[in-house]
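Undergrad: For reference, the chains in residue letters:
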Amino acid sequence: MTDATTQPVTAEITVQSLVERLKASPTFNEKYAPVEQELMIRRLDDLTPDQRLKLQKTLEAENQKLTEIEKQKAELFEDYKLKAKLLMDREYKVITANIETTEKQEAEENLQKQINKIQ
Amino acid sequence: MGGGEKQQPERKPRSRSEELALEMAKEEKKPGGGERPEYGVLFGKYLMARSNEYKAKRQAAEAGAGAGSETLGGLDTKITKLETEFGEKLSKLDAKATQVKEGTAEALTAQLAPKPKRKLHTHESDTYTSSMSTAMLKKYTAKRSKPLPAAELAELQEKMKRGNGLSVEEALKLAKSHPNLDFLRPRWKCSCCGKPHVGLKGLERQAKREDTQDVRGKIRYKLNVESDKEEYGDGKLKCARYISGVLGLEKSPRNNAGLGSVTGGLAPALIRANLKASGGASAGLVFGIGNFELGDVLIFTASKFREGQGKYYGHKSAKGRKEGRVRFNHAAIVRGVVVVDGAKYLAVQEERSGIELNFLPINSTKAKTKAFAKKLSTKKGIAELKENPRLAKILKYRAGFKELIRVRTGNLFSDVMKNPKGRISFAIRTKNIQAPQRVAENSDENQTTQQQPI
Chain A
1 MTDATTQPVT
11 AEITVQSLVE
21 RLKASPTFNE
31 KYAPVEQELM
41 IRRLDDLTPD
51 QRLKLQKTLE
61 AENQKLTEIE
71 KQKAELFEDY
81 KLKAKLLMDR
91 EYKVITANIE
101 TTEKQEAEEN
111 LQKQINKIQ
Chain B
120 MGGGEKQQPE
130 RKPRSRSEEL
140 ALEMAKEEKK
150 PGGGERPEYG
160 VLFGKYLMAR
170 SNEYKAKRQA
180 AEAGAGAGSE
190 TLGGLDTKIT
200 KLETEFGEKL
210 SKLDAKATQV
220 KEGTAEALTA
230 QLAPKPKRKL
240 HTHESDTYTS
250 SMSTAMLKKY
260 TAKRSKPLPA
270 AELAELQEKM
280 KRGNGLSVEE
290 ALKLAKSHPN
300 LDFLRPRWKC
310 SCCGKPHVGL
320 KGLERQAKRE
330 DTQDVRGKIR
340 YKLNVESDKE
350 EYGDGKLKCA
360 RYISGVLGLE
370 KSPRNNAGLG
380 SVTGGLAPAL
390 IRANLKASGG
400 ASAGLVFGIG
410 NFELGDVLIF
420 TASKFREGQG
430 KYYGHKSAKG
440 RKEGRVRFNH
450 AAIVRGVVVV
460 DGAKYLAVQE
470 ERSGIELNFL
480 PINSTKAKTK
490 AFAKKLSTKK
500 GIAELKENPR
510 LAKILKYRAG
520 FKELIRVRTG
530 NLFSDVMKNP
540 KGRISFAIRT
550 KNIQAPQRVA
560 ENSDENQTTQ
570 QQPI
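Protein chains in written order, with the numbering used here: chain A, 1 to 119; chain B, 120 to 573.
Stretch-level coverage of chain B by chain A, calculated; a stretch enters the list once three of its residues show a Cβ under 8 Å from a Cβ in chain A:
hint	stretch
1	168-176
2	194-202
3	210-220
Please keep in mind that the hints were generated in silico from the structure rather than gathered at the bench.
For each residue, glycine too, the CB sits at the ideal point set by N, CA and C.
Just chain A, same shape as in the assembly (with noise of 0.2 Å):
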């Protein structure tokens, strides 16, 4: 007398998805070598339903996080990106600024030079 929407949801956790998953996960490939994967993927089978559900979050989890982290990241990358550019620039400005007082003094002390000959 189960009603359909009261089925658990870890009935539709197939094997396949959580290989999937695994091999999607960074830690999996990361800190497993190729034997100790296989091996892995095979006691899948052998998972209870319940067992399934907890890998499945323990997965998602790690994608979340790892997900919020990248994004720091490209954050911190981007900000330092704009910094960088903002004391190039300004330095620029800077350098030019000087150029122009110095050119500006030469000029006047040219000025000055041939206004003290015609005197």
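Mind docking chain B on chain A? Use the hints.
TA: Showing chain B alone in chain A's frame:
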């Protein structure tokens, strides 16, 4: 076989997961599981490009202004500072990611890795004691023990360090004053079965029995003796028989039967000999790893703790065989005290699965102990250690069995006075019960059959 046709074993059809696993194994491993940008490298490239752009602009401006224009430095420093700052923040995020990965790996291993088989509690291992909770240990050590007056303690120390060792009464005084020695007291009951077990009084009683061996004046050290497989190669533990061999005790049917056990044979026999030699004044008992010396026979207690059950004194062996009231289940002999890199070690030889030569730290640091162990594991290290003549003699004994020469630091090899989980209970001094030494005898340790003067 008759038909000559070999039947191929039926191949089990592969499950989907197995097929996927095989597919994956064929694929090339992609680190990180996907494309993830390397922000550190990207930022470096960006800075390089911007900085080149800036330099070009600056050069153009300077060229327009003429050679005399003033140059402004410091930008490189500022860029480096910016880059470092970025690198630091990025590595913090990387550390966060590593932490997430480690957590996930732990969870994945717990959920998917095959579970290791349960380790059996054997004579060599000490899984029960190591699994005991700190609370249980504290409960055990916080016993009602009354410290001895300093003068009295100093007197006992002096007897153990330089004298013939303590009498049973003196040893009990010490046991009452030390929380880790309460199991040696009379009427002490094991919380495992609620019964009293053999303590020091029990050993003394056994020593005074008429049928206990009298080994006084019969000890002739044969420190380099090998174990006699013919006599006790029956698969039983043979530590006590090996020690009686090292002590040079004559073989006789009675002797072999009596000294094959630590609690029932070796320890009472040595205590009896000490009592007789000193006119009842000393049983030759010595406590504390710092007080042990060449020739002392170390008595080990059986495993004292059992997970969830408090004190446990070897009621059952690893295979479930009942051991009755066995309190003391192992013996070893002190081969000497050696100093390596300023740290003191007790050289102990004993028979477990083979004749082992173990060095137990007396006053060493972790780093020094580790360094010593490392030296013992290499040929070069051993050659270096052999420059110490005392150590060279000891090492020569087991030269052919490098794997049996070790530095040991576990509970099984620590003094119960220092470590409540330690298994070395006490030692019995044997130097006073040796056979009278013959004059001008060659004391070369290589001659296993000759007497080794102590």
